[in-house]
Amino acid sequence: MSLASEGARRRTWSTVRPLLLLLPAYALLIGVFAYPVLDSMWRSVTEPTAGWGNYAWALGSSGNLAVIGRTFGNALFATMVCVVLGFPFAYLMVISAPRTRAILIAITLVPFWTSLMIRTFAWIVILQDRGIVNSLLAGIGLGPLELLRTNTGVLIGLAHVLMPFMILPLYATMNSIDLRLIMAARSLGASPFSAFWRIFVPLSVPGLAAGSLLVFIQALGFYITPALLGSPADSMLAQSIYSQVNGLLAWGRGGALGVILLTVTLVLLGAVALLIRIGHRRDVSVGIPGQ
Amino acid sequence: MPASSNRGAEIYLDGVTKRYPTSLALDDITLHVRAGEFLTLLGPSGSGKTTLLNLIAGFIELTAGSIHLDGRRINDVPVHKRGLGIVFQHYALFPHLTVSDNIAFPLTRRKMPKEQIRELVNAELATAGLSGYGKRFPRELSGGQQQRVALARALVFKPEVLLLDEPLGALDKNLRERLQLEIRRIHREVGRTFVFVTHDQEEALTLSDRIAVFNEGRIEQVGTAQELYERPVSLFVAEFIGESTVVPETTGDMAWVIRPEKAKLLEPHSEVPGGCLTADVMIQQSVYLGSGWKHEIVLPDNTTGVVRSDRIPDSLHGVNIPAQLTWHPSEVTRVSAPKRT
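Taken in sequence, the protein lines are chains Z and E. The first sequence begins at 1 in the UniProt record's numbering and counts up by one. The second sequence begins at 1 in the UniProt record's numbering and counts up by one.
The hints are simulated quantities; they were obtained by calculation from the structure and are not laboratory data. None of the values given here were measured: they were computed from a predicted structure. We put the beta carbon where it would ideally sit given N, CA and C, even for glycine. You may find that some hints are simply not true.
Claimed, not checked - Derived CB-CB ranges, DEER-like: (1) Thr22(E) / Ala106(Z): 25 to 33 Å; (2) Gly270(Z) / Pro44(E): 40 to 48 Å; (3) Ala97(Z) / Thr63(E): 18 to 26 Å; (4) Thr100(Z) / Gln284(E): 32 to 40 Å; (5) Arg7(E) / Leu269(Z): 17 to 25 Å.
So that you can see chain E by itself, here it is in the shape it has in the complex (with noise of 0.2 Å):
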């Protein structure tokens, strides 16, 4: 059993590859997560975050590279001796134990006294809401109280890493929110490591200290999300996290990426501010949202871009209204962008 130090351990990644006969899952990862921080895998199905979880956890072997936690590299220390906890998407709770058993299985694994057994379970069980639903059974409660069974269950062994795969995808949009909120909180609360995988941007936005975004077996950008949001260093990170409109420069392989709140549309043909740098676009509509209008525009190659405002000209009301779409460099982000054909 880990020591429980309050901090959580540190996990570092170091040139971690996972090829399977036909593929390749991972290509050369290498990522610091920092101890006590909430680090989210952020990707589309089939990029590799799950996989990373898995090698972490030590469900599969690398092919290359090594996993180090707390500087004691871990690549062939078997799953149950990793003392990370793990909360799966689809709870993965004991059918044939009552809530209470399966919350008390890592500590009667370790051999804990009953005594202080009983005493930590309770105490879990009553942090989650549910005591008193300890002699049931997994398939007596429903989603959300299973799924916080299935994180009491691997925070009752105070792991200094907690793995989460997705833990709220099966879950509808409000509990969803309101476990993303809990989960934030126990972060907070128990200062461990928090490892995240899930493929929606605004979860991991809404939880993460740090993201690290997985594309095709790579990580393209770790940051926070600030940081990801104003500079993303790929067009995929840019298309990938918030709304933007990616305009290509005339010349060379690069595009600007400009999120809503940075650009501003102008009349065809009226001044532009010194320094800005402008596009023509075509106005398709404008939705007034009480906080301001958001505009949707096409560009010249027939992609799509929004730009949010406070208010626009009369004149630039209606639909497919030319406009000239302005932003100045130093706002936004230029991206390398080899032209689409």
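Next up, chain Z with everything else stripped away, as it sits in the complex (with noise of 0.2 Å):
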């Protein structure tokens, strides 16, 4: 065997070899991710008999194309709440002092590492009619306002529960931000708001879109926090997917309902990635040519 071919052999080995140390990963999410999303995939087709029946069910209703589009509507509206919200919150966290900034990443890791469920009952304690919102309303006159088991309820819990997935991101993106180039910024004519728009804001788009890539998908299969909080009118597409797996013993239309989700959130991601890259390939602001 001749030197260079051995050497070669090694050289594939060494690339091989790292690998290997990702199988356990991809055996476990073999088996608990891309099996049973074929299996349901496969259901979706076969189930109780073979063809499409399941999809001109699921996209034949009324009521199940209300609950896609309140799903959708429902993670959007989330997204934006965390990017209006989350957005300031990162920047103080950036150029606040150290201690300052330990209480607010506080203020965001606690919730976050709270359980889910006891986020949601606290919701429950403080929006129902007579929780602390409505007392506070009726103390200056107004209320109560229905908040409980209303989509509204359902949005406040999605958003406040998503929000670290937005501050974090953001926060880490803005904190690689080297400040002198706002400096930099005044000193070339910029106002304090100019620079702040101009440099500051484009370079934590990454954060931005990290965050809302997070928070939207997450609201998109989000079960817990809708079914406490809203009510059956307003449910989202993962409370239909349990009521027919679970309830109805329906895996074909549970199935299609799935694989519909999956279908419009890739779309969508898609569609983003695409606008992204169009963005990037334009001359950002005054497009003057080199030569």
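Two chains, two frames, a set of hints: combine them into the complex.
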């Protein structure tokens, strides 16, 4: 055997060996993720009879379409709420002194570490007809507002539960922005607002995108929070899937709803990725061509 | 936008003081930067030179004193309205903007018409030797190219004053020297006032019309390179700029600062020329440098010094040779030097 092919063989082995470390993770993913997903897909076109009947049912009834629409609407709205509230919060974390920052991080992380059930039940206490919010409103002569068992309640819960997934990536990105760039922008004639808007905000977009994606995708599949804070009339897709599978043992219909959720999500994500790529290709500001 | 006259603005600092909770960064600085001159703020790190630059730029606020730009008090003028160009040590190029858009930034802030911006940016690119790099992003350029872009961006809006904060600190020696010459040339061509911060005395000597030497929040001396070298007012300046031998007087708190080429080495007990002073020293070693000799000497108080000479007597060649150091008082300076204990 020649030395060259010996070397090549060694190189192949040295690139393959690290991949072996991934095997346990892949095995787990295949067992608990890939197989169930494929199984659901299979059942959605085979149960109770082979064909597209389940999909015709899922997309044919106005009730189902309303659930699908509400699910994406809620996820989008929750994402926007997280952006609007999370961006200033993360910015405050970046610019504040170490002690204040520690407090702000704690405010973000303590709910993050608290059980989802406990947080959702806490919202029930807060939002109920004689809860804190309505007592305060009554105190100033307003209300009562119907919050619990409404879509508003679901949105409040979603936004709160998912907020850390927006704040943490945003904070990580913002923290890596060199604040001397802001000073440079100021020295070049940018007002404080202009320096923030033209330099800081664009540079925090990667964090904003990561956070939005995390929040949006998790919101799409949320079950407990909408189930506890909303009424059955406000149910989201995960609840419909649950009632099909667990309540009615209609694995095929549940599978079809799941596949629809997965497909629409992937299509949306693909569209966003495409938009970002197009945005990158365009010259960003005044569009001065080089020679 | 400042008027684009061809002279720079003059800067007058009057009693400028910056106090932090635990330290005094600048202590009552009064300094007049002449219109169009290249003034370097030179000093070791922590001496206050960068703090002063940041005060002029408007990034930090004064504790006391005032700053005047062409007679106009600018203490309370915000950074973006001072109209000064600033070049940072780490370039501070905007990573999400192309090279062209970086250079165009100050012009778009000033709402200049697009067509004019395009022309000015392309002209700056050409001057910086970066034609064709306009569409690249800063990360795609080398360190030297990035610093050229930073310079172009700070100059494109024709500021009357350019502040440079150790702009060459991150570059290797060769590139540094090339860019020093380039900065010198740019200064000659644009004729603006340049205030340059560095801790590198060689760089200061190469570039500056005048140098202000900083030490512990105060200015020790302001002068041309020649003045600082030949007539240092303090031991600190003498030791910070160039080489010298410091010979304390036997009485009092003064010392002679003798530059290497102003001293002679004689055999012990030989006759000293009239009017010259002398001290006993030990020649540690002598090195031949082609243009002459360099002698490292030790004084009785164990401080070391350097003497340069064209030639020396054969008897003084060798290691650890006793000798006499002589100098003429009119050719050297006397500075206050409290006895080291």
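Ascending list of hint numbers which this structure does not respect: Structure breaks hints 2, 4, 5.
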